[in-house]
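Asks: The lines below spell out each chain.
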Amino acid sequence: MTTTAPTTTPLLELRGVSKNFGSVQALTDVDFDVRAGEVMALVGDNGAGKSTLIKCIAGIHGYDHGEITFAGEPVHIHGPKDAAKLGIEVVYQDLALCDNLDVVQNMYLGRETRDRLFRLNESAMEQRTLETLQSLAVTTIRSVRQPVASLSGGQRQSVAVAKAVQWNSRLVILDEPTAALGVAQTRQVLDLVKRLADRGLAVVLISHNLHDVFEVATRITVLRLGRDIVVYERDKTTQQEVVQAITAGVPTKVAGIPETAPEGAS
Amino acid sequence: MTSGADVVAPGTGLPGGDEAAAHVGLWRRTSDNVKSGNLGVLPVLLGEVAIVAFFGLTATNFFTAPNFVNIIVQMAGVTMLAFGVVFVLLLGEIDLSIGYLSGIAALAVAQFQLPGSSHDYPGIIAIALAIIITAAIGLGQGAIVAKVGVPSFVVTLAGLLIWQGVILHVLEDRGVIIIEDNLVNDLANYFFSPTVGWIIAVAITGAYAVIGLGSVVGHRRAGVATGTPVLALAKVAGVAVAAFGSVAICNSAERPDGSAVGLPLAGLLMIIFLVGLTYLAKRTPFGRHVYAVGGNAEAARRAGINVNRIRILVFMISGIMAGVGGVILAARLNSVDLNVGGGTLLLDAIAAAVIGGTSLFGGRGEVRSALIGSLVIATIANGMNTAGYSNGTIYVVTGVILLLAVTLDTIARRLQMKSGR
Numbered sequence: 554m555t556t557t558a559p560t561t562t563p564l565l566e567l568r569g570v571s572k573n574f575g576s577v578q579a580l581t582d583v584d585f586d587v588r589a590g591e592v593m594a595l596v597g598d599n600g601a602g603k604s605t606l607i608k609c610i611a612g613i614h615g616y617d618h619g620e621i622t623f624a625g626e627p628v629h630i631h632g633p634k635d636a637a638k639l640g641i642e643v644v645y646q647d648l649a650l651c652d653n654l655d656v657v658q659n660m661y662l663g664r665e666t667r668d669r670l671f672r673l674n675e676s677a678m679e680q681r682t683l684e685t686l687q688s689l690a691v692t693t694i695r696s697v698r699q700p701v702a703s704l705s706g707g708q709r710q711s712v713a714v715a716k717a718v719q720w721n722s723r724l725v726i727l728d729e730p731t732a733a734l735g736v737a738q739t740r741q742v743l744d745l746v747k748r749l750a751d752r753g754l755a756v757v758l759i760s761h762n763l764h765d766v767f768e769v770a771t772r773i774t775v776l777r778l779g780r781d782i783v784v785y786e787r788d789k790t791t792q793q794e795v796v797q798a799i800t801a802g803v804p805t806k807v808a809g810i811p812e813t814a815p816e817g818a819s
Numbered sequence: 025m026t027s028g029a030d031v032v033a034p035g036t037g038l039p040g041g042d043e044a045a046a047h048v049g050l051w052r053r054t055s056d057n058v059k060s061g062n063l064g065v066l067p068v069l070l071g072e073v074a075i076v077a078f079f080g081l082t083a084t085n086f087f088t089a090p091n092f093v094n095i096i097v098q099m100a101g102v103t104m105l106a107f108g109v110v111f112v113l114l115l116g117e118i119d120l121s122i123g124y125l126s127g128i129a130a131l132a133v134a135q136f137q138l139p140g141s142s143h144d145y146p147g148i149i150a151i152a153l154a155i156i157i158t159a160a161i162g163l164g165q166g167a168i169v170a171k172v173g174v175p176s177f178v179v180t181l182a183g184l185l186i187w188q189g190v191i192l193h194v195l196e197d198r199g200v201i202i203i204e205d206n207l208v209n210d211l212a213n214y215f216f217s218p219t220v221g222w223i224i225a226v227a228i229t230g231a232y233a234v235i236g237l238g239s240v241v242g243h244r245r246a247g248v249a250t251g252t253p254v255l256a257l258a259k260v261a262g263v264a265v266a267a268f269g270s271v272a273i274c275n276s277a278e279r280p281d282g283s284a285v286g287l288p289l290a291g292l293l294m295i296i297f298l299v300g301l302t303y304l305a306k307r308t309p310f311g312r313h314v315y316a317v318g319g320n321a322e323a324a325r326r327a328g329i330n331v332n333r334i335r336i337l338v339f340m341i342s343g344i345m346a347g348v349g350g351v352i353l354a355a356r357l358n359s360v361d362l363n364v365g366g367g368t369l370l371l372d373a374i375a376a377a378v379i380g381g382t383s384l385f386g387g388r389g390e391v392r393s394a395l396i397g398s399l400v401i402a403t404i405a406n407g408m409n410t411a412g413y414s415n416g417t418i419y420v421v422t423g424v425i426l427l428l429a430v431t432l433d434t435i436a437r438r439l440q441m442k443s444g445r
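Line order of the protein sequences matches chains A and B.
First residue of the first sequence: 554, per our numbering; consecutive thereafter.
First residue of the second sequence: 25, per our numbering; consecutive thereafter.
Keep in mind that a hint or two might mislead.
What the hints assert, rightly or not - Capping the alpha-carbon separation at 16 Å, the derived lysine to aspartate or glutamate pairs in EDC-like fashion look like this:
1) A:747 / A:591
2) A:747 / A:765
3) B:306 / A:665
4) A:638 / A:668
5) A:634 / A:665
6) B:306 / A:655
7) B:306 / B:390
8) B:306 / A:668
9) A:789 / A:768
Said to hold, decoys possible - According to the in silico footprint, chain B covers these stretches of chain A (three or more CB under 8 Å from chain B):
10) 625 to 639
11) 650 to 658
12) 666 to 678
Rather than coming from a laboratory, the hints here were simulated on the basis of the structure.
Ideal placement from N, C-alpha and C gives every residue a C-beta, glycine not left out.
Same shape as in the complex, but just chain A:
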């Protein structure tokens, strides 16, 4: 893709990433990039490789071939810790929250602050949780000391997102953040997504809901059968065109033949 402005070099760039599970080729030569301050939507049919791709970025799966550059530096991501170190955070579809723990405990899970005596520093964690929620304008949570089990779907999603961004993260990946939500709560989460990009984070949004995608995304990458087939600018495309790319692929341009009838799948 051509970059629209010279300053917007990609924060994360994947080149020729492939991944197979035994005989199943999940990803084939995928190129993907996302810039700081934009929402990159990742769309595609079931089994198109969206989840595999983000799991490669997040270090859950290793990838077989390909290169990843982050902020211009070539990097190797071998585990979730590597990804976290780079500032890549993923909010999974099933949220990965512990229902039995409260909001603060979930926000700091695995990265608890502690003092010299190895004690958990609850005050500091609670204070920073409040600050983070405040900064994201998440105002519906009554107490950060209530167990996550007692929160609504939108509140849980907000906690999961807040958890992802509070570590000075630079890239946040959201996997179907609105899939299980009602209208008002979807609104709440989409606003949150926009605020993340406004704060200068790179956001990758996976969604089946093109309405949501067109509302918040800057660009849209379409995956199909494990390949990245096209990247659209949100302002220069239509839902119609994206749906066609998801379901049927993109008309292939062959040299010498004028662009006319769309072809079948690649």
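Based on these hints, arrange chain B on the given structure of chain A.
Replies: Below, chain B alone, put in the same frame as chain A:
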């Protein structure tokens, strides 16, 4: 969706001196807890009071100071095992080997103090070796559960058979080993003088007050609201009553020669482990991760927690506590025989943790539930013995109470699921 009334912002959490808001918060939290199936220790404590009242009225020698001391010494061993069970249950796992694992510790401590043998070590070394052995066994069993993925039920069931077999094999010829080491025997048979008992009560109350109130002050200073001063003061008062009351009863108990019995060392050991393990569970990252793995292992893994390591360490804790309990049980009898680690020990320990409120489904429970549940079981057994019931009746009653506790836990869990989302 943003309703102004529910805004959470730093500083607005609890403005200093707003006692009314604090009370509302306390009631709200309590009602939230009950609604979400978190009943706390209240039902169990009420049950314990009812049991004590019942036997106090029906059994002649039950409600006496010496019997109070008896119950403390009787419950000490099982309580130690139950402490370990709490950690295992928090993970949603089970450890069936702890009964005979405690037998292994008892056997080891007896062997390592054996006078006239080549391994006649001082008591402290014998105790340390015994606990190191059970810790290593727990570690091994945990590694099989975590790394290989064999269900803990099967691994520890195999452990139950294996360690029982080892005990039978070693004790086949001798039948019984007498423990002569004073230090070992003191674990269950040493009583503090009345003065030392009072000092211990003062120390426990003082330490609890300093730490408890200190954390309230710390939270207030940081501008976050956790707990209210009223609640904290009530807790300190409760601990003071329990500590001074227990010591007063122990000191008022008389031996046949008229001297005071005093606070048993075993009682203090239970408190020390209660405090230490509660600290581990509630105040350290390790403890937090145990709860996380029990609540949602996948979420814990994605948060970067080494789930296998947590599992292995928890089974090691279970082994260590079985070892500590085994040594105390051996010390109480001053000997080890073929029955060591058997009988209802294992089931009593698991029942204690569950009756005290630790969930069998993982993620919910407190270290103190082991102590409370163990107290209930010991009170029932002691009371029924005193009142002249047979062992059979005791089992039936204990079983019914266990069933009651698990039923409560299951209902609580369903309530919690309903209140979520």
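Asks: All hints, please: hold or fail.
Replies: Against the structure, the hints come out as follows:
1. As the CA atoms of residue 747 of chain A and residue 591 of chain A are separated by approximately 9 Å, the hinted pair is consistent with the 16 Å bound.
2. Annotation: proposed proximity of residue 747 of chain A to residue 765 of chain A holds, straight-line Cα distance about 11 Å (limit 16 Å).
3. For the hint pairing residue 306 of chain B with residue 665 of chain A, the CA-to-CA distance comes to about 12 Å; that is within 16 Å, so the pair holds.
4. In summary, the hint linking residue 638 of chain A to residue 668 of chain A is not supported, as the alpha carbons are separated by about 22 Å, beyond the 16 Å threshold.
5. Proposed proximity of residue 634 of chain A and residue 665 of chain A is supported: the alpha carbons are some 15 Å apart, at most 16 Å.
6. A C-alpha spacing of about 13 Å is found between residue 306 of chain B and residue 655 of chain A, which places the hinted pair at or below 16 Å, so the restraint holds.
7. The hinted pair formed by residue 306 of chain B and residue 390 of chain B meets the criterion: a straight-line CA distance of about 9 Å does not exceed 16 Å.
8. Of the supplied pair hints, the one linking residue 306 of chain B and residue 668 of chain A holds, its CA atoms being roughly 14 Å apart against a limit of 16 Å.
9. A threshold of 16 Å between alpha carbons decides the hint, and for residue 789 of chain A with residue 768 of chain A the separation of about 14 Å falls inside it, so the pair holds.
10. Only residues whose C-beta sits within less than 8 Å of a C-beta in chain B count toward coverage, and the stretch 625 to 639 of chain A has 3 of them, enough to reach three; the restraint holds.
11. With 6 residues having a Cβ less than 8 Å from any Cβ of chain B, the stretch 650 to 658 of chain A passes the three-residue criterion, so the hint holds.
12. Counting residues of the stretch 666 to 678 of chain A whose CB lies closer than 8 Å to any CB of chain B gives 7, which reaches the minimum of 3, so the coverage claim holds.
Hint check: a violation occurs at hint 4 only; the rest are consistent with the structure.
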